[in-house]
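Quick note, the sequences are listed as chains Z and P, same order.
Residues in the first sequence are numbered from 8 upward in steps of one, following the numbering used here.
Residues in the second sequence are numbered from 1469 upward in steps of one, following the numbering used here.
By construction, these hints were calculated from the structure, which means they are not laboratory data.
Think of the CB as a built atom: it goes at the ideal place given N, C-alpha and C, for glycine as much as any other residue.
Careful: at least some of the hints might be erroneous.
[What the hints assert, rightly or not] Residues on chain Z that point at chain P, a partial pick, calculated with CB under 7 Å: (1) Leu134; (2) Val148; (3) Gly150; (4) Gly170; (5) Val269; (6) Asn307; (7) Glu310; (8) Gly314; (9) Ile316; (10) Ala322.
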Amino acid sequence: MNTLTARAGTSVSNLTRARMPMVATTVLLIVTVTAAATLQGNFFTPYGMTANFATILPIATVAVAQTIIVLSGGIDLSIGTIVTLSSVVTVRLMDGGDPSQVPLALAAGLATGAACGLFNGLLVAVLRLQPIVATFATSFVFGGVALLVLSSPGGTVPAVLTGGYRQVFAYLVPVPALLLLVLWLAWRLLRAQRIGQYLYAVGGNAGASYASAVPVTWVRVFAYTAGGTVAALAGVALLANSGSGDPFIGNELTLGSIAALVIGGTRLRGGAGGAGGSILGAIILTLIQNLVFFAGVPTNARELVNGAIIIIAIALAGLLTARSERAGRSEGRTA
Amino acid sequence: MSAPQTSTPTSSPIADRLRRAARDPVVVSGIAALALWVVAAIVSPAFASWSQILTLLMLASFLGVIAIGQTLVIIAGGEGIDLSVGAVATLAAIIGSRYMDGSNENLLLAVVLALGAAAIVGVINGVGILMFRVPPLVMTLGMIAVVYGFIRLYTGGRPAGSAAPALRTLVTGDTVAGIPGVLWLWLALSVLVIWLLRRTSYGWRLYAVGGNPNAAYLSGVNTKAVKLSAYVLSSVFAGVGGLLLLGYTQTVFLRLADPYMLPSVAATVVGGTALIGGVGGYLGTIIGAILLTVLDSFLRILQLGGGAGDAPRQIIYGLVLLVVLSAYGRQRRLRQ
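With the hints as constraints, model all of the structure from the sequences given.
Below you can see the structure in the form of structure tokens.
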């Protein structure tokens, strides 16, 4: 009985500790949403919601992809070029506007993303290259192949996709928001599986996981492959949003995905955090950019203000995460 | 089990030394660079000419100088990395060109202001990383946006001025013993940095902090001061690299030094400085910078694909980088 109550006690303190980064993220979210709603007049209208979520969905999806990889202890600097490559493959295959080709094109796009992820995963897990430099090198490869597939912006996306992307349900629920919800549910499903637990275990302590018979190598390969596949989804979302292909469409998303993940409370070293936070991080990041625009900051100062706010947001989130981690460590020592 | 493997009694000391050399990143990169250069010279004989070699080394010197700071930051450990070097180099070049404005009068002031601005970025990086505990990758990534934002505000989108004639002659013209001044400068800086890392107590403290921060702290090393100095030096050397680049291009544009950001990390890692910290040195980075520059120039000379533009060059650059990295840039096995 005693051990049972003791265990309940620690699990409660575990819970509050795990929630600390979430608190920081939630506070930031409330602040940005309130500011956006006051400054952006049409925020809570079907048009405003669609416009916001249409920009949020691609960056949030890439952030989720990056989160899966970072949780397992890796990082993917090529993720933006994976988005680009899978989107240009998709747009090349469905060019011509024939709706019957859409499923095949989407499948090919996803397969491209998965193949890129698998390539990264094998380099990092089997060849044991350092993730930062290995994925930096593959970003040249993927970016180059994307240029071979589609050398200049062009190609048309069938109206099925672009039209569907702009639909709004129940007055305020646009399709991209629903897709975001589906993405989050899929993440919860993955997390509940054994492989989801393995991601955290390997990212937290690869050596201990190995000693506990966790297939570390394959968990890492899985993380990169899954990340690549999810990144391909972001490529499709970008296509549906813009309506045409572009051989540089996703390259800028790599930095945004890492910023969103850190704001969302995922530890860059791996093993702690989650995709839910990263989605919130992506929302915060996009809203900050909108805010700087709507607050009437002069054009030439916008980039500076935007960058400074993002750094401050990351520093605030990081400060709270570090506090809770330090508290956790000292507690562990006394126990 | 975990004891280092000693040579088997049958192997001779020479074979043993060869085997060790084959595992030394500096040797491997040096051989790779030389092999690549030989292939390039066979394909295009102009590659072997003395003037072409000097041009190659000159191009490598910009990357090499920018990568000095990168090497220091990575050695200092704690997941240390400085992705803002490209942006800082551009900032220094833009400030420098505005104050030089094509004359030698304000050269000193321009250099001081440019490097001062670079140092400020380094201090901000260090404060964010050490006091606010932002991961270095994220902090320096975020600073890229801030620095480019500042550049946009400062220039209004149209950078002004041009390089001072003295700077121009230092980089491209003035030759001592037939070698451009910028190469002498790179040589001097290299000797200085290698001496700093190997022979001074600062160098020892840097390796100590990178290798085991707790042990260094308990031995009385001010770990935060050492790391802060690494980030400030990184920005200052990036600024020096940006000014040299200004002397080469003579006018500036908004993303001047952007292509040097990740190659500075790649050159450092290819040269055997491990991202875990505490291991490596600047000699390897020099070789790494030369290797990457030879590779890049060779692929440009080949003019692959013609109509497809940059694509095949990019792909091959990435694949060669992977091959070089897999030669030795690998992490330890889980089961030792």
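Cross-check of the supplied hints:
{"no.": "1", "hint": "Leu134", "in the structure": "holds, 5 Å"}
{"no.": "2", "hint": "Val148", "in the structure": "holds, 4 Å"}
{"no.": "3", "hint": "Gly150", "in the structure": "holds, 6 Å"}
{"no.": "4", "hint": "Gly170", "in the structure": "violated, 33 Å"}
{"no.": "5", "hint": "Val269", "in the structure": "holds, 5 Å"}
{"no.": "6", "hint": "Asn307", "in the structure": "holds, 5 Å"}
{"no.": "7", "hint": "Glu310", "in the structure": "holds, 4 Å"}
{"no.": "8", "hint": "Gly314", "in the structure": "holds, 3 Å"}
{"no.": "9", "hint": "Ile316", "in the structure": "violated, 10 Å"}
{"no.": "10", "hint": "Ala322", "in the structure": "holds, 4 Å"}
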